[in-house]
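2 protein chains.
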Amino acid sequence: MQKADWIAVDWGTSHMRAWAMDAQDKVIAERHSDRGMGQITPDQYPGVLADLMGELLPDGPVQAIICGMAGARQGWVEAPYTAVPCNPPSAATAVQVQAGQIAAFILPGVSQASPPDVMRGEETQIAGFMAANSKFDGVICLPGTHTKWVHVSAGEIVSFQTFMSGEIFALLSGQSVLRHSVAGDGWSDEAFAEAVADAMARPGTLAAKLFSIRADGLLNGTGADVARARLSGLLIGLELAGARPYWLGQDIALVGAAPLCRLYQSALSAQGAPARIADVTEMTLAGLIAAHATLKDPQ
Amino acid sequence: MQKADWIAVDWGTSHMRAWAMDAQDKVIAERHSDRGMGQITPDQYPGVLADLMGELLPDGPVQAIICGMAGARQGWVEAPYTAVPCNPPSAATAVQVQAGQIAAFILPGVSQASPPDVMRGEETQIAGFMAANSKFDGVICLPGTHTKWVHVSAGEIVSFQTFMSGEIFALLSGQSVLRHSVAGDGWSDEAFAEAVADAMARPGTLAAKLFSIRADGLLNGTGADVARARLSGLLIGLELAGARPYWLGQDIALVGAAPLCRLYQSALSAQGAPARIADVTEMTLAGLIAAHATLKDPQ
Numbered sequence: 069m070q071k072a073d074w075i076a077v078d079w080g081t082s083h084m085r086a087w088a089m090d091a092q093d094k095v096i097a098e099r100h101s102d103r104g105m106g107q108i109t110p111d112q113y114p115g116v117l118a119d120l121m122g123e124l125l126p127d128g129p130v131q132a133i134i135c136g137m138a139g140a141r142q143g144w145v146e147a148p149y150t151a152v153p154c155n156p157p158s159a160a161t162a163v164q165v166q167a168g169q170i171a172a173f174i175l176p177g178v179s180q181a182s183p184p185d186v187m188r189g190e191e192t193q194i195a196g197f198m199a200a201n202s203k204f205d206g207v208i209c210l211p212g213t214h215t216k217w218v219h220v221s222a223g224e225i226v227s228f229q230t231f232m233s234g235e236i237f238a239l240l241s242g243q244s245v246l247r248h249s250v251a252g253d254g255w256s257d258e259a260f261a262e263a264v265a266d267a268m269a270r271p272g273t274l275a276a277k278l279f280s281i282r283a284d285g286l287l288n289g290t291g292a293d294v295a296r297a298r299l300s301g302l303l304i305g306l307e308l309a310g311a312r313p314y315w316l317g318q319d320i321a322l323v324g325a326a327p328l329c330r331l332y333q334s335a336l337s338a339q340g341a342p343a344r345i346a347d348v349t350e351m352t353l354a355g356l357i358a359a360h361a362t363l364k365d366p367q
Numbered sequence: 069m070q071k072a073d074w075i076a077v078d079w080g081t082s083h084m085r086a087w088a089m090d091a092q093d094k095v096i097a098e099r100h101s102d103r104g105m106g107q108i109t110p111d112q113y114p115g116v117l118a119d120l121m122g123e124l125l126p127d128g129p130v131q132a133i134i135c136g137m138a139g140a141r142q143g144w145v146e147a148p149y150t151a152v153p154c155n156p157p158s159a160a161t162a163v164q165v166q167a168g169q170i171a172a173f174i175l176p177g178v179s180q181a182s183p184p185d186v187m188r189g190e191e192t193q194i195a196g197f198m199a200a201n202s203k204f205d206g207v208i209c210l211p212g213t214h215t216k217w218v219h220v221s222a223g224e225i226v227s228f229q230t231f232m233s234g235e236i237f238a239l240l241s242g243q244s245v246l247r248h249s250v251a252g253d254g255w256s257d258e259a260f261a262e263a264v265a266d267a268m269a270r271p272g273t274l275a276a277k278l279f280s281i282r283a284d285g286l287l288n289g290t291g292a293d294v295a296r297a298r299l300s301g302l303l304i305g306l307e308l309a310g311a312r313p314y315w316l317g318q319d320i321a322l323v324g325a326a327p328l329c330r331l332y333q334s335a336l337s338a339q340g341a342p343a344r345i346a347d348v349t350e351m352t353l354a355g356l357i358a359a360h361a362t363l364k365d366p367q
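Protein chains in written order, with this note's numbering: chain V, 69 to 367; chain S, 69 to 367.
To spell it out: a stretch of chain S is covered by chain V in this simulated footprint if at least three of its residues, at any positions, have a beta carbon under 8 Å from a beta carbon of chain V; those stretches are:
{"hint": "1", "stretch": "174-185"}
{"hint": "2", "stretch": "227-237"}
{"hint": "3", "stretch": "262-276"}
{"hint": "4", "stretch": "300-307"}
No lab work stands behind these hints: they were computed from the structure. Don't be surprised by glycine CBs; every beta carbon is placed ideally from N, CA and C.
Isolated chain V (complex conformation) (with noise of 0.2 Å):
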C-alpha cells in the first residue's frame, strides 16, 4: 500500500475526515470518523488521527495540514483568529503541535471585529475556491447551520457576516410547535418561492409568518411538504433580505452541501442575482492543499 506524503484534516465539530495525499497532492486514500471536537478531549486527538490514517501513515515523520475546530478554544490547541481583512490561511499562521511522528499543522479561523464575527474551518473552503478561481472578486456564500456570507477581492478575505438561519431552521423544525406541521423531508418549489419572497417583502412578520404556518395546518390541513418548504424559504428569504448589501450586484458563489446550495441559487435567481455552485469537499481539500504548499514553499 502506498504511504501519505502528507495528511490533509478537516476537523469539525460532529465529524472529522482526513485525506492521505501523495507528494503530487493527489489523493490516495480519504477516511470519515464521528470523532469530532465534541466528542473528544485535546489529548485525544494525536491517537484519533493516528487511528483513522493506521497503515497509510509513512515509517517516519508526516506533516497534517489541519482546519476546523481542531484549533477552537476547546480543541486540539487553539489557533487564534486572523483578522480581516486578511490573506487565506497559509503555514506561517498556523500553530504547530508535534505528535509522535505526525507534524500538524492547525490552520486559525478568521475573525472580524466589527460586527464581531468569527469563521473557523470555512477560511479554508475560502481558500480552495480562491486557489481555484485566482482571479475572482465578489462574494462568497457559504450555506449551512451558521451560513457565511463573505466578501473576496484582491486575493483577501474583506468582511464577513454569520446567519444562524440554518440552526433555527434545525431548531424550530426540530423542536417547535411546527414540529408536527412540518414532518418528513417532504418539499414544495412553489411555496419555498413563495415564502422567499414574502420574508424579503416583509421582514418583520418572521415569527408571525411561522405561527402562521401551524394556524395554516391546523384550520386547512395544509400538507407537510408545502409546510416545510414555508418554513425554509421564509429563513432563507429574511437572510437573503440582510444579506442583500453582500450579494447585490456581486459576482457569487455558493460553497456547501449541494442540495441547500440549490435552494440559496434558486432564491437569489429569483432577484435576479445568478450564483455558481462549488462542491464544499473539494474545496476544502484545495484549500488544504494550498495551506500545504505554503509549508513546502513560504510565502
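Model the placement of chain S on the given structure of chain V, informed by the hints.
This is chain S only, laid out in the frame that chain V set:
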C-alpha cells in the same frame, strides 16, 4: 368548609388552574396542578378536575366553565374555533360535557381565515379585559410563548396576529450555540433597548445579529447579562417591526406575565407608544366569570 357554587378552570398545555367560586362570583379557593393537556389523555380530565376540587365540590350538580387546551383537538372534547370577527366566547358557543356531577362547559378558541391564525385560552383573557374595560377600542397584546396582537373594537375581536418570538427565545437561549453566551438570568436595560431599536431598524439582519452575540462573547468577553438582554431585545424588536400595523396610533393594553409585559411596555414606550398592563390571572378569571354569566343569563 364553603362549597363551590360553580368552578372556573383555565386548562393549559403544561399546567391547569381552577377556582371554586361562590354565587356572587367571589373566589372561595384557588388550586393548581401540573396535569396540563400535554400530560393527560381525554378520559383523565374528569378525574383530574374532581380530585383537584375535592371537598370543595357540593353534593349536587355543579357547573364548570373551562377555557384553554381542554378544548383542543387533543384535549378533553374539541370545542371548534369561532371565526373572527366575533364576540368573546360565551356559554352559547361552549361545548357541554357531563362528567359525574360536573357539567363542564368548554369554551372555544378563536380562529382567523386570512392570514391563518388561531388562539385558545387568550380569547378568555381578552373577554376578561373587555368586561373590565367595556369601552375599550384598541389593541390587546398578550405576550408569551406565542404572543398575540389582537384588534378589539365595538365589543368584538376584529383580527389578530400571533408571533412565535417567545418560543424562539426559549429555543435559542436553551438549546442553540448561544446557550452559553446567555446563561443565567442577568440583564441589561441598555442592551435590551439598543437591540430593540437595532432589530426594528434592520429586521432582515436578525439571524446575523443573533450570531454576533456569540462572536462578541468570544472576541470581547461580553457578559451573559448583556447577551441575554440583546437576544430578548432583538426578538421583541423584530416583532414590534412586524406588528407595527397593530400598535401604531392605537390604545394598547398588555395582558401577560408582569416581567414580560414590562419589557414590551418599555420597548413600546421607546417608540412613543404608551401601554397599560393588566394582570393575566385576573383577566382570565374575569373572562370565565363573564362566560359563566351568559349561562345564567343567556345573551
